[in-house]
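A.B. asks: Sequence order for the protein chains is A and B.
Residue numbers for the first sequence follow my numbering, so the first one is 1 and each next one is one higher.
Residue numbers for the second sequence follow my numbering, so the first one is 1 and each next one is one higher.
Watch out, some of these pointers could steer you wrong.
Claimed, not checked - Sample of chain A residues with no beta-carbon within 10 Å of chain B, all distances over it, derived:
| hint | residue |
| --- | --- |
| 1 | G28 |
| 2 | S30 |
| 3 | L36 |
| 4 | G38 |
| 5 | T44 |
| 6 | P48 |
| 7 | E62 |
| 8 | L63 |
| 9 | V64 |
| 10 | A132 |
What the hints assert, rightly or not - BS3-like, lysine-lysine: derived pairs with alpha carbons at most 30 Å apart:
| hint | chain 1 | residue 1 | chain 2 | residue 2 |
| --- | --- | --- | --- | --- |
| 11 | B | K269 | A | K135 |
| 12 | A | K138 | B | K87 |
| 13 | A | K100 | B | K65 |
| 14 | A | K15 | B | K72 |
| 15 | A | K100 | B | K72 |
| 16 | A | K135 | B | K19 |
| 17 | A | K100 | B | K5 |
| 18 | B | K10 | A | K137 |
| 19 | B | K87 | B | K250 |
| 20 | B | K5 | A | K137 |
| 21 | A | K100 | B | K76 |
| 22 | A | K135 | B | K5 |
| 23 | A | K137 | B | K71 |
| 24 | B | K72 | A | K47 |
| 25 | A | K138 | B | K269 |
| 26 | A | K137 | B | K12 |
| 27 | A | K137 | B | K269 |
| 28 | B | K31 | A | K135 |
| 29 | B | K18 | A | K138 |
| 30 | A | K135 | B | K65 |
| 31 | B | K183 | A | K135 |
| 32 | B | K183 | A | K100 |
| 33 | B | K250 | A | K15 |
| 34 | A | K138 | B | K151 |
| 35 | B | K10 | A | K138 |
| 36 | A | K100 | B | K71 |
Said to hold, decoys possible - If you anchor each label on the Cβ, the simulated ranges turn out as follows:
| hint | chain 1 | residue 1 | chain 2 | residue 2 | range |
| --- | --- | --- | --- | --- | --- |
| 37 | B | E109 | A | K135 | 25 to 33 Å |
| 38 | A | K138 | B | E262 | 52 to 60 Å |
| 39 | A | E14 | B | V216 | 25 to 33 Å |
| 40 | A | N109 | B | Q272 | 53 to 61 Å |
I should point out that these hints are in silico values taken from the structure, not numbers from a laboratory.
Note that the Cβ used here is the ideal one computed from N, Cα and C, for glycine as well.
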Amino acid sequence: MAMTIHVDIVSAEEKIFSGLAEFVALPGESGELGILPGHMPLMTRIKPGAVRVKVQNQAEEELVFVAGGLLEVQPSLVTVLADTAIRGHDLDEAKALEAKRRAEEALQNQGSALEYAKAQSELASALAQIAAISKLKKRGH
Amino acid sequence: MASGKEIRTKIKSVQNTKKITKAMEMVAASKMRKAQERMRAARPYAEKIRRLAANLSAANITDYKHPFLIKKDDVKRVGLIVVTTDKGLCGGLNTNTLRVALNSLKDWESKGVTEIRVTAIGNKGLGFMQRLGAKVVSHVTQLGDTPHLEKLIGPVKVMIDAFQNGELDEVYLVYSRFINTMKQEPQLEQLLPLTGERLGTPEGNWDYLYEPDAQVVIDELLVRYVEALVYQGVAENMASEQSARMVAMKAASDNAGNVIGELQLVYNKTRQAAITKELSEIVGGAAAV
């Protein structure tokens with residue numbers, strides 16, 4: 001029987017693959033990595049690309065595309081923490097800046113949003129008053 | 001006593017309300033199942049990354065101590081990430097979460113915390129914090145029914161960056177923890193610095209080979225760990241939201257049913273009274289002739 005290694009591929013949103021494999025190939029930070037059972041402990045970033053898993057007793061390889069992530073290797077265990085989104089320092093930075101900008105904008109528009117809500121509730125109560133008055137009038141006549 | 005027609009209109013309007021609450025109850029029930037599945041789907045990642053972080057913190061890297069792991073004695077500036085829902089009509093869910101948030105804000109202020117920054121995830125928390133006059137540094141709303149990590153990265157990074165730059169001493173997360181369909185509990189957790197009991201004990205002492213180097217990998221891992229914790233909180237909060245809404249709407253439908261029953265009784269009584277009155281008038285009239 002061929003030697004096997006336990007492979008888990010998970011993303012923050014779901015579990016993608018879990019099972020025994022004979023061989024795993026994935027795009028490492030500094031080049032394509034091929035992992036066989038008994039690999040030395042390793043931790044690295046992986047680039048966006050395909051993870052190929054040669055599953056035990058299965059002719060076809062499992063293909064999983066990841067948008068980058070982290071890889072941990074122990075002699076009998078491979079864990080791929082896949083990203084669900086394409087990550088990059090600049091990209092993350094842009095997202096953070098965008099979030100900040102939105103917060104500042106909201107702070108400035110705070111008055112208007114609050115006024116809007118207030119106006120809406122005033123309008124609703126005014127409408128209710130009108131409805132009540134017209135009902136009273138109908139009854140009176 | 002109100003006339004028969006008025007009561008009839010009232011009954012009609014309550015019936016319409018009941019139809020709406022019943023529909024909302026059923027929608028929430030179907031969304032609840034999906035939300036719970038998503039919450040469970042997020043668990044393997046959270047578990048793996050926790051184990052990895054625990055292994056890492058135990059691995060002997062003497063020359064590098066990540067800022068996330070350094071505990072500060074003097075806490076003067078605190079960050080709070082508040083997870084709430086976007087929409088209302090879910091009972092006391094947001095009220096409970098925000099009460100816990102408010103209490104901890106007061107608590108920090110009494111302990112001499114000078115600066116509090118808030119990240120609001122969800123509309124209700126955002127509105128509350130703005131009304132409160134808290135310093136909201138980032139927010140995200142309209143998450144929809146499926147939480148996407150992508151939407152959370154930016155707002156959470158604002159907090160993580162502030163912590164890394166030394167602008168914040170501690171960062172907390174508050175959300176509604178899903179216990180079961182009937183029970184949700186507000187939960188306040190310390191996100192940063194990462195506490196030892198949270199990481200748990202490592203299962204083995206691995207001397208990893210790092211590529212490209214230890215610092216880069218640890219940085220990435222810990223940032224993802226914090227994000228995964230926030231994501232988990234958001235996923236739980238969504239499951240809580242749908243359950244709470246379902247329960248609240250069920251109660252509303254039941255109440256509407258009771259009101260309809262009472263009104264129907266009143267209506268029947270007035271109708272009976274009107275008939276009796278008319279009959280006695282006819283009898284009285286016939287006797288007079």
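A.B. asks: All the hints need checking, so say for each whether the structure fits it.
C.D. replies: Outcome of the hint check:
At roughly 6 Å from the closest C-beta of chain B, the C-beta of G28(A) falls inside 10 Å, breaking its exclusion from the interface. Residue placement check: S30(A) does not keep its beta carbon more than 10 Å from all beta carbons of chain B (closest about 6 Å). No beta-carbon of chain B comes within 10 Å of the beta-carbon of L36(A); the shortest separation is about 15 Å. Every CB of chain B is more than 10 Å from the CB of G38(A) (nearest about 14 Å), matching its label as outside the interface.
Consistency note on T44(A): stated as away from chain B, yet its beta-carbon is not over 10 Å from all of that chain's, at 4 Å minimum. For P48(A), the shortest C-beta to C-beta distance to chain B comes to about 14 Å, beyond the 10 Å cut-off, and the non-interface label holds. Against the 10 Å criterion, E62(A) stays outside the reach of chain B, whose nearest CB is about 17 Å from its own CB. Even its closest Cβ contact with chain B, about 20 Å, leaves L63(A) beyond 10 Å, as expected for a residue assigned away from the interface.
Every C-beta of chain B lies more than 10 Å from that of V64(A), the closest at about 14 Å, which supports listing it as non-interface. Remark: the non-interface label on A132(A) is consistent with the geometry, its nearest Cβ contact in chain B lying 13 Å away (cut-off 10 Å). The hinted pair formed by K269(B) and K135(A) meets the criterion: a straight-line CA distance of about 24 Å does not exceed 30 Å. For the proposed pair K138(A) and K87(B), the alpha carbon gap of about 38 Å is over 30 Å, so the pair is violated.
Proposed proximity of K100(A) and K65(B) is supported: the alpha carbons are some 29 Å apart, at most 30 Å. Straight-line distance between C-alpha atoms of K15(A) and K72(B) comes to about 36 Å, which puts the hinted pair past the 30 Å bound. The straight-line distance between the Cα atoms of K100(A) and K72(B) is roughly 26 Å, inside the 30 Å bound, and the hint therefore holds. Restraint check for K135(A) and K19(B): satisfied, since their Cα atoms lie roughly 25 Å apart, inside the 30 Å limit.
Of the supplied pair hints, the one linking K100(A) and K5(B) is violated, its CA atoms being roughly 57 Å apart against a limit of 30 Å. Restraint check for K10(B) and K137(A): the C-alpha separation of about 19 Å stays at or below 30 Å, so the hint holds. Between K87(B) and K250(B) the alpha-carbon distance is near 17 Å, which keeps this suggested pair within the 30 Å criterion. Distance check on the hinted pair: K5(B) and K137(A) sit about 16 Å apart at the alpha-carbon level, within 30 Å; holds.
Proximity of K100(A) to K76(B) is assessed by CA-CA distance (about 22 Å); at most 30 Å being required, the pair is judged to hold. Distance restraint check for K135(A) and K5(B): the Cα-Cα separation of roughly 13 Å lies within the 30 Å cut-off, and the hinted pair is therefore satisfied. A distance of roughly 71 Å separates the Cα atoms of K137(A) and K71(B); the hinted pair therefore is violated under the 30 Å criterion. Among the hinted pairs, K72(B) with K47(A) is inconsistent with the structure: their alpha-carbon atoms are about 35 Å apart, more than 30 Å.
For the hint linking K138(A) to K269(B), the alpha-carbon distance of about 25 Å falls within 30 Å, and the restraint holds. In summary, the hint linking K137(A) to K12(B) is supported, as the alpha carbons are separated by about 22 Å, within the 30 Å threshold. Between K137(A) and K269(B) the CA atoms are separated by roughly 27 Å; this keeps the pair inside 30 Å, and the hint holds. About 41 Å separates the Cα atoms of K31(B) and K135(A), which puts this hinted pair outside 30 Å; it is violated.
In summary, the hint linking K18(B) to K138(A) is supported, as the alpha carbons are separated by about 28 Å, within the 30 Å threshold. For the given pair, K135(A) sits about 74 Å from K65(B) by alpha-carbon distance, which is inconsistent with the 30 Å threshold. With a C-alpha separation of about 44 Å, the suggested pair K183(B) and K135(A) falls outside the 30 Å cut-off, and the hint is violated. Simply put, K183(B) and K100(A) have alpha-carbon atoms about 34 Å apart, too far for the 30 Å limit, and the pair is violated.
Under the criterion of a C-alpha separation no larger than 30 Å, the hint pairing K250(B) with K15(A) is inconsistent with the structure, at around 34 Å. Under the criterion of a C-alpha separation no larger than 30 Å, the hint pairing K138(A) with K151(B) is inconsistent with the structure, at around 54 Å. Restraint check: the Cα-Cα separation between K10(B) and K138(A) comes to about 17 Å, which is no more than 30 Å; the hinted pair holds. The suggested pairing of K100(A) with K71(B) holds, with an alpha-carbon distance near 27 Å, which does not exceed 30 Å.
The beta-carbon spacing between E109(B) and K135(A), approximately 51 Å, falls outside the hinted interval of 25 to 33 Å. Under the hint 52 to 60 Å, the C-beta atoms of K138(A) and E262(B), about 26 Å apart, miss the expected range. At roughly 26 Å, the beta carbons of E14(A) and V216(B) sit within the given window of 25 to 33 Å. Against the hinted window of 53 to 61 Å, the Cβ-Cβ separation of N109(A) and Q272(B) comes to about 58 Å, which satisfies the hint.
Hint compliance for this structure: hints 1, 2, 5, 12, 14, 17, 23, 24, 28, 30, 31, 32, 33, 34, 37 and 38 are not met, and every other hint is.
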